[in-house]
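Q: Chains as they are written, first to last, in full-length UniProt numbering: chain A, 1 to 364; chain B, 1 to 413.
Each hint should be verified, as a subset may be incorrect.
Only pairs whose alpha carbons sit at most 27 Å apart, straight line, appear in this in silico DSS-like list of lysine-lysine [stated by the list, open to error]:
#	chain 1	residue 1	chain 2	residue 2
1	B	K123	B	K217
2	B	K217	A	K310
3	A	K92	A	K180
4	A	K227	B	K212
5	B	K64	A	K92
6	B	K201	A	K310
7	A	K310	B	K212
8	A	K233	B	K212
9	A	K310	B	K222
Derived by calculation from the structure, the hints in this document are not laboratory data.
Keep in mind the model is a prediction, meaning the values are calculated, not measured.
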Amino acid sequence: MRGPTSRARRGAAAGGTAGRTSRTSAPDRSMYRRERPVPMRSCPAALYNNLSVLPLPAPGLTQFALVHGPTAQLLSAAPDGLPVSQRQLHTKDGAGPGFPLITQAYWCVLPFRVLLVLTSQRGIQIYESDGSVMVYWHALDSTDASPVQALFARGIAASGHYICVGTWSGRVLVFDVPAKGPNIVLSEELDVHQAPITDIAAEPAQGQDCVADVVTADDSGLLCVWKSGPEFKLLTRISGFGTPCPSVQLWQGSVAAGYGDGQIRIYEASSGALHVQINAHARGICALDLAPEAGKLLSGAEDSFVHIWKLSRNPHSGCIEVEHCHAECVTDTQVCGARFCDLRGSSFAVTGYDLAEILRYSCV
Amino acid sequence: MSVRTLPLLFLNLGGEMLYILDQRLRAQNVPTDKARKVMNDLISTMFNKKFLEELFKPQELYSKKALRTVYDRLAHASIMRLNPASMDKLFDLMTMAFKYQVLLCPRPKDILLITFNHLDAIKNFVRDSPDIMNQVDETFRHIIEVYGCLPAGEFQLIRQTLLLFFQDMHIRVSIFLKDKVQNSNGRFVLPISGPVPWGTKVPGLIRMFNNKGEEVKRMEFKHGGQYVRAESEGSFELSGDRVLTLGTNMYSASRPVETRVSGALKNSSLNTKDNIAARTLAKEELNFLARLMGGMEIKKTSGPEPGFRLNLFTTDEEEEHAALTRPEELSYQVINIQAAQDQQRNEELTRIMGEFEIHDQPQQSTSKGGYSNRKLMPGGKEQSTAFPHLLPFPKPQIVHTHTKSLHGKDSDL
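Looking at chain A on its own, in the form it has when it is part of the complex (with noise of 0.2 Å):
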């Protein structure tokens, strides 16, 4: 339950009190309170998509994921907040100046297991889903780096059985993965984008032929839409024109980019054509989520904001519309990781940079 003194602070942060009201918006419409956050020993690090959640199949337990430079934490939290496990993983060294840095951790969910991806400047680390056992490592390749590029590998999505990972080049590699065992191969590489990755993602295909199932974006704000399989098609390109796009998210055939500038675009993932536009937020979006079964989209920014919005598609038109739910202040803080921690959207959770906590909110 929470304390009250974490709900005295919550009611600052949020800014229902203290004359600080400008802070919240439409406070009458908030559906989310903030909850006991769980501390943290180290804080996290400004990256894009800094969090990712896997509830686990005890009641009421989060596992969490962060990366801190050179580590990645995860811990796992009770419905109170207090951590009852933590571990603590670190790169696999490899030749070179410096503590080789952490750039992504991220669980993916497969059809028969779940593993924990960390991406560094070094490669790819594939764990089980609990970080215990290192079940596949993938060292980046540098002989056509320059020596002006930071070699790092980011975005990772998994769609089916294959892992998708980006690179600093651009090219996206795509890994088959057993349904257990440590076999896992590089099936392909995608070589497209001509800017470092930023971001992937994917949602399980309906069945249908030939329908867009992961999307993948790079610091230059290109979108490119793909149908997952033994050989990936490209789909779609959707150009961002120069401005970076750090988190992407796909839900029934839309994609959801949020962009350097603050703005969030919905396209038809098919034609790359623009429904939706944005004004969201004063800073660049750094994390974008989506709650499948309620269609409602988590953006945080460097503004401090975090956004909820709920799509949905028109029944006339069928185009994909969207409405203002939820804004947040997380008070002083640069968002740098926000995700949903239930398929409905009911709660979520946000790290910031130089914040020891993880801040979770739920549904009233």
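Take the given structure of chain A and dock chain B to it, following the hints.
A: Structure of chain B alone, referenced to chain A:
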């Protein structure tokens, strides 16, 4: 991450250092000609061509400790001396100021405008010395050439790299607390009003389009902030209106500077393991230091000009007190470089070290051959015991080639 970060980090931190020193020189009533000599010496050292060549080579960022050593040397490039406590304070102030600027930087690309604000001010410091002015201008042009055409994504990577460097630093600085831009917990205040970055739309509008691309619906929503449109973009040219004020001198004469630094409240000792790891310098960092400092030409100051000591505190007592009470976790434990005895090998090193102050005498002596490089091997026991009082320094000539070459030359060092 980005291998383009170091020059921006060095120049901006250096700019902040000059602001603070300039203010303290005036506050301590150092005679104008002496103060000007100090500023000129520091700036011409900072913008030394060979040094900047090393700086601009693509490379990873190194630890705060390694960088602190570079500034220690830079601050002593003239006739001015700083006690360790003052040097600690100087470095705290520099880093927190630039952390604030990076954090509030509207767009990642605006890191350049912050840099230009520093360079503009530095040019003003040396306006009477055309030679030094040319040095600064040359660097200015080099930055425009290298960074002017980088894509937005690269600047974001640079910004993320800088923020990683500043992570977990929550030192409270009185000038920030007074201006209410820093909270008592050491975190900075992020404004949710004022102009949005150039090129960003004021949040609050949803536009919807049909399949033909025609706008069919427009909805407003309550964002929660109170933003306005950006009026203009700052100039990325050699000179011009930068619009952005981050990176300008906040210690101007009209504002009496009170540079009190308070320690971190909490949290700072949480990563004890990381701290210990950070305290031991990697071999690559030593190479980095040797490379950089090899390029940093220190003018001989043993002329007739008498030196003086600058105090970052109001009184000597305060400085002494600060030295005794500084929290362990904030201690940078500057590397004191001690030459080994091999004369032939160390001629170059001695030249580079110049007047670098040696605070401690060697703790232990080794056989006549000087220090074996094995002590630098990671995990070596000697390393942790001998450090930080004593560290052999790699030969710059070897180091100049490539970091990897040193790995291969362990035995002959």
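Q: All hints are to be evaluated individually against the structure, with a verdict given for each.
A: Tested hints:
| no. | hint | result |
| --- | --- | --- |
| 1 | B:K123 - B:K217 | violated (53 Å) |
| 2 | B:K217 - A:K310 | holds (16 Å) |
| 3 | A:K92 - A:K180 | holds (23 Å) |
| 4 | A:K227 - B:K212 | holds (24 Å) |
| 5 | B:K64 - A:K92 | holds (23 Å) |
| 6 | B:K201 - A:K310 | holds (21 Å) |
| 7 | A:K310 - B:K212 | holds (23 Å) |
| 8 | A:K233 - B:K212 | holds (26 Å) |
| 9 | A:K310 - B:K222 | holds (15 Å) |
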